[in-house]
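Visitor: Residue-level listing of the chains:
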Amino acid sequence: SEAKAAAKAALKPNNKISGRFFLDAYNYDQNVASVASAGDAQNTVQFRTVWLTMGGDVLENTSYRIWVDVTGGDVKLLDVYLDFAELPVLQNVRIGNFFEPFGMEQLTPNIHLTFMERSSVFNLGRHTGIMAHSDDENANWTYGAGVFVSEHGNAPIEFQDDNDAAALTGRLTWCPWYDEATAGRGVFHLGAAYSYRVLADDNLRFRNRPESFAAPFVVDTGTVGASSYQLVGLEAAYAYGPWMVQSEYHGATVNELGPANDYLDSFYIQTSYFLTGENRYYNRRSGTFANAIVPIENFFRVRTGDCDICTGLGAWEVAYRYATTDLNAGSITGGLTDLHAVGLNWYLSPYTRAMFDYIHSETDTLAANDGVLNALQMRLQYNF
Amino acid sequence: SEAKAAAKAALKPNNKISGRFFLDAYNYDQNVASVASAGDAQNTVQFRTVWLTMGGDVLENTSYRIWVDVTGGDVKLLDVYLDFAELPVLQNVRIGNFFEPFGMEQLTPNIHLTFMERSSVFNLGRHTGIMAHSDDENANWTYGAGVFVSEHGNAPIEFQDDNDAAALTGRLTWCPWYDEATAGRGVFHLGAAYSYRVLADDNLRFRNRPESFAAPFVVDTGTVGASSYQLVGLEAAYAYGPWMVQSEYHGATVNELGPANDYLDSFYIQTSYFLTGENRYYNRRSGTFANAIVPIENFFRVRTGDCDICTGLGAWEVAYRYATTDLNAGSITGGLTDLHAVGLNWYLSPYTRAMFDYIHSETDTLAANDGVLNALQMRLQYNF
Amino acid sequence: SEAKAAAKAALKPNNKISGRFFLDAYNYDQNVASVASAGDAQNTVQFRTVWLTMGGDVLENTSYRIWVDVTGGDVKLLDVYLDFAELPVLQNVRIGNFFEPFGMEQLTPNIHLTFMERSSVFNLGRHTGIMAHSDDENANWTYGAGVFVSEHGNAPIEFQDDNDAAALTGRLTWCPWYDEATAGRGVFHLGAAYSYRVLADDNLRFRNRPESFAAPFVVDTGTVGASSYQLVGLEAAYAYGPWMVQSEYHGATVNELGPANDYLDSFYIQTSYFLTGENRYYNRRSGTFANAIVPIENFFRVRTGDCDICTGLGAWEVAYRYATTDLNAGSITGGLTDLHAVGLNWYLSPYTRAMFDYIHSETDTLAANDGVLNALQMRLQYNF
Chain A
24 SEAKAAAKAA LKPNNKISGR FFLDAYNYDQ NVASVASAGD AQNTVQFRTV WLTMGGDVLE
84 NTSYRIWVDV TGGDVKLLDV YLDFAELPVL QNVRIGNFFE PFGMEQLTPN IHLTFMERSS
144 VFNLGRHTGI MAHSDDENAN WTYGAGVFVS EHGNAPIEFQ DDNDAAALTG RLTWCPWYDE
204 ATAGRGVFHL GAAYSYRVLA DDNLRFRNRP ESFAAPFVVD TGTVGASSYQ LVGLEAAYAY
264 GPWMVQSEYH GATVNELGPA NDYLDSFYIQ TSYFLTGENR YYNRRSGTFA NAIVPIENFF
324 RVRTGDCDIC TGLGAWEVAY RYATTDLNAG SITGGLTDLH AVGLNWYLSP YTRAMFDYIH
384 SETDTLAAND GVLNALQMRL QYNF
Chain B
24 SEAKAAAKAA LKPNNKISGR FFLDAYNYDQ NVASVASAGD AQNTVQFRTV WLTMGGDVLE
84 NTSYRIWVDV TGGDVKLLDV YLDFAELPVL QNVRIGNFFE PFGMEQLTPN IHLTFMERSS
144 VFNLGRHTGI MAHSDDENAN WTYGAGVFVS EHGNAPIEFQ DDNDAAALTG RLTWCPWYDE
204 ATAGRGVFHL GAAYSYRVLA DDNLRFRNRP ESFAAPFVVD TGTVGASSYQ LVGLEAAYAY
264 GPWMVQSEYH GATVNELGPA NDYLDSFYIQ TSYFLTGENR YYNRRSGTFA NAIVPIENFF
324 RVRTGDCDIC TGLGAWEVAY RYATTDLNAG SITGGLTDLH AVGLNWYLSP YTRAMFDYIH
384 SETDTLAAND GVLNALQMRL QYNF
Chain C
24 SEAKAAAKAA LKPNNKISGR FFLDAYNYDQ NVASVASAGD AQNTVQFRTV WLTMGGDVLE
84 NTSYRIWVDV TGGDVKLLDV YLDFAELPVL QNVRIGNFFE PFGMEQLTPN IHLTFMERSS
144 VFNLGRHTGI MAHSDDENAN WTYGAGVFVS EHGNAPIEFQ DDNDAAALTG RLTWCPWYDE
204 ATAGRGVFHL GAAYSYRVLA DDNLRFRNRP ESFAAPFVVD TGTVGASSYQ LVGLEAAYAY
264 GPWMVQSEYH GATVNELGPA NDYLDSFYIQ TSYFLTGENR YYNRRSGTFA NAIVPIENFF
324 RVRTGDCDIC TGLGAWEVAY RYATTDLNAG SITGGLTDLH AVGLNWYLSP YTRAMFDYIH
384 SETDTLAAND GVLNALQMRL QYNF
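Chains as they are written, first to last, in our numbering: chain A, 24 to 407; chain B, 24 to 407; chain C, 24 to 407.
Calculated from the structure, these hints are not laboratory results.
A couple of the hints might just be wrong.
When chains are identical, the list treats them as one kind, so a pair holds in a single copy or across two.
Straight-line distance between alpha carbons at most 20 Å, and here's what the computed EDC-like set of lysine to aspartate or glutamate pairs gives [as the list claims (entries may be wrong)]:
{"hint": "1", "residue 1": "27", "residue 2": "320"}
{"hint": "2", "residue 1": "31", "residue 2": "97"}
{"hint": "3", "residue 1": "35", "residue 2": "288"}
{"hint": "4", "residue 1": "39", "residue 2": "393"}
{"hint": "5", "residue 1": "39", "residue 2": "80"}
{"hint": "6", "residue 1": "35", "residue 2": "320"}
{"hint": "7", "residue 1": "35", "residue 2": "97"}
{"hint": "8", "residue 1": "31", "residue 2": "320"}
{"hint": "9", "residue 1": "31", "residue 2": "301"}
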């Protein structure tokens, strides 16, 4: 009878409400060519992210999420889905709005990113669809494959004019080495992903900022007439104790309306090191460094058994990234940009982080060559 | 002292946070006349509903709700009210934004509707006002009567130009038969409602989709000059075990600015049957089938005392509806439409439902006669 | 080990979710001069405030808030901050979006205001910034001092055109008498505040309604070319049992783009009395009457030890306010307005309040002299 009651309770939905906010400050420095090509970057203090998130489990093998972004005056739907687990063959099936399975950095939660912004211009973001995926915390591989509504944008987007706007996207990762003895302080990750995307309105546009949210777009293809495009992604990452290196290559084959097929691509490689000895935690369910970084000592004060009040340093991490994006090919003249970023991350606790990024970007476009945009940016990040 | 503490705790507000989302897919098929008259229906995948809802009790005899809809980028206020209970004579008084007491299907929560959309063009929706109502779970009757700000729209709307925009609305229901022995597996319901509505801006418009949210409006009066209008509603429903039939008639007398008074009306009758033996639960507090449908067996897996893991079917319900709307009268030429709908509802659990509707609608308007719009639509519904 | 577990739990974020809504009805009466000068005031029933608020503690000495306003279709960020406590010298440091430390009435939570609207045209509202402040519930003084992004508006606002838009704001209060024996039923409060504000876009505008949210602006400087301005504020308050008097003077020195410096000011004095014997509670952490008013008896019914069910009156408070605003100086011709308000507040419980304000305002502007606008307004207020 007690077991019955417990079983019944396990079927009812539970609900955990959380949130996060990122408060950013941006300071820009540009040369004349950059202003002429991309426009004047405005120094800014603003919330980058204010999210209200809820989710939980229902019926033993189903989980759900409703996450909304209220930063900018309107409400954007983020993760809104049901995830059915423990299915035969497929393991899990997820229906709703969520990240397409493409891109290691895209699939890393924003609270655990190494730099303040993601790098690749080809990250797909969240779309509405249905996806089968693995979800095994002890496996040395993951997979995800789904069908999505393919239009760009954060909000769920509709089929248009009875034309298809569907995308097929899949990702496969393999973890040839995972050091069980240290719970993953050593890990080697490889991954590949592919997406085939039909464009309902025959319009395609890629554009990217220099990894700073308030900066102007420095590369921009404008609207390109295209019926579909394909993406390929390659990932590699290696972590050994406090040191980590991660790299991704994304390539896009654009099936333009004329006979031409053009190829665009982007690449980044980044490395980071915890001065205080912590490490990035690899999550074998998702194939990303998605787990929270827990400082050995929190900043401010920690009560321990040894002393009544000890002062801790928090965790300190330094990072460097090189990234390049090439949006020039055939008749597409979106520009070419190279970027160097150095970062300093201070984890006051598992819930609070201060980030400091310095970014130096150089861009060649049709409008002006040798455009230089430098950004110094800070973030106070809190999640609960 | 313990009793005192318990009494004090009962006075404090409690708060339960919940939510729901409906993910819909729509597929349309039209003839030329329908496209000419109503426009081209676009196939769509989109969230129909994403609601965040909170509510609870305060002070032993008062309850409250704050429900918001975040589906579409902005935030719409849904139920936002205080409800004072256990009052002499009136029973309950509710102040805030909520459904006017008109229409059995309107007052049925959207998670318990038989078809994906409500039928009547004359449903009033939520408005800001004050309402007295009964709230007795053992009574064989209910009543509701209130004064509201009368303008159309989902959000609370204001008085305009110092003109009144008030509405008087009331509903009375009677349940001549309720089978106590089976907790309501047999029930017979009758109801009537009335609303008198003053239009502050002297403008009135009725229009309706063919019970599919992304379809165009097939009947539409355009803007009619009118100083007020009156609505009457009649309801009947009968349930016997898994079988249910429900019908409503709504009529509108429009007091136009000229001497004319014109009469518009709509009607539907629907029937449904649970193949798996469940039944729709009549709620005697609200006079609607407002209670959750609990499958005899949940879908996927249920732990029981008899076996470790059993697989259940969930609950399966089939339904049919006929509906007709006549918006032609005198100088009002909104059109005339007939609609047949068949539905299949699969209740995976009390919290999750998949819906499949096929709708065939035929419409005559000034622009074109014999417009045919067929819709095949699906919904994944989750609430917690 | 138990102590260790408790210490660890104290570090994790907790989260309390609450909300509040104010439903208002406004009725206006104007003379011809007022309509000519300010426009026609529209009678209205509407939600003034629908807030969803969450917050809590993390890491023993840090607290956070995410408060959002969903009243008007969009989402406005209210308090969104981290507050680090128990710091040496400064006591507390708060980072995010919150009220600048200026104005006793501004810093009084809206659920505890004596009248439905705040008075001063110079209240600064919330801005994004960083503030040091005291937070001692037993001190007879408070301080707050911070740097903020200075533009007007409720939402966090950005630096513009690489110009500074910074403000320095500070407030100091002193409580020469606080009657400890009665937990503050007797209190005498003095305060002063200052703000220096650089305008990034060289534009400044002050305008104010006659303390009624749906009324038009009766005084309005229009856009004034100015590079910066300074505010001074003086506060005094005295409470003795159920009686309270509170007054503020605000003056603004506008550094106009031409050589002129002009001086604008506003003033109010208000008094209130609880007919039922309660008192306004002074909060020594914030230097305002910020604590909840707890009726001696709740309205409706209270269970006590003496009788099974007793009916209580709730708390009843009467109030009077005189306010004046002078936005005429040099080339600035914003107008001059005087206002008398009487209020009746009925506290049904610590969570529910009905408010009734009658306001008589007289305004002289360039457009018309002797404009009279009277407002009769009601509010149903609920918070949990």
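Visitor: Take the hints in turn and mark each one as holding or not.
Guide: Now the hints, each set against the structure:
| no. | hint | verdict |
| --- | --- | --- |
| 1 | 27 to 320 | between (43 Å within a copy, 15 Å between copies) |
| 2 | 31 to 97 | neither (39 Å within a copy, 37 Å between copies) |
| 3 | 35 to 288 | neither (47 Å within a copy, 43 Å between copies) |
| 4 | 39 to 393 | neither (50 Å within a copy, 52 Å between copies) |
| 5 | 39 to 80 | both (9 Å within a copy, 16 Å between copies) |
| 6 | 35 to 320 | between (38 Å within a copy, 14 Å between copies) |
| 7 | 35 to 97 | neither (32 Å within a copy, 30 Å between copies) |
| 8 | 31 to 320 | between (41 Å within a copy, 12 Å between copies) |
| 9 | 31 to 301 | between (41 Å within a copy, 19 Å between copies) |
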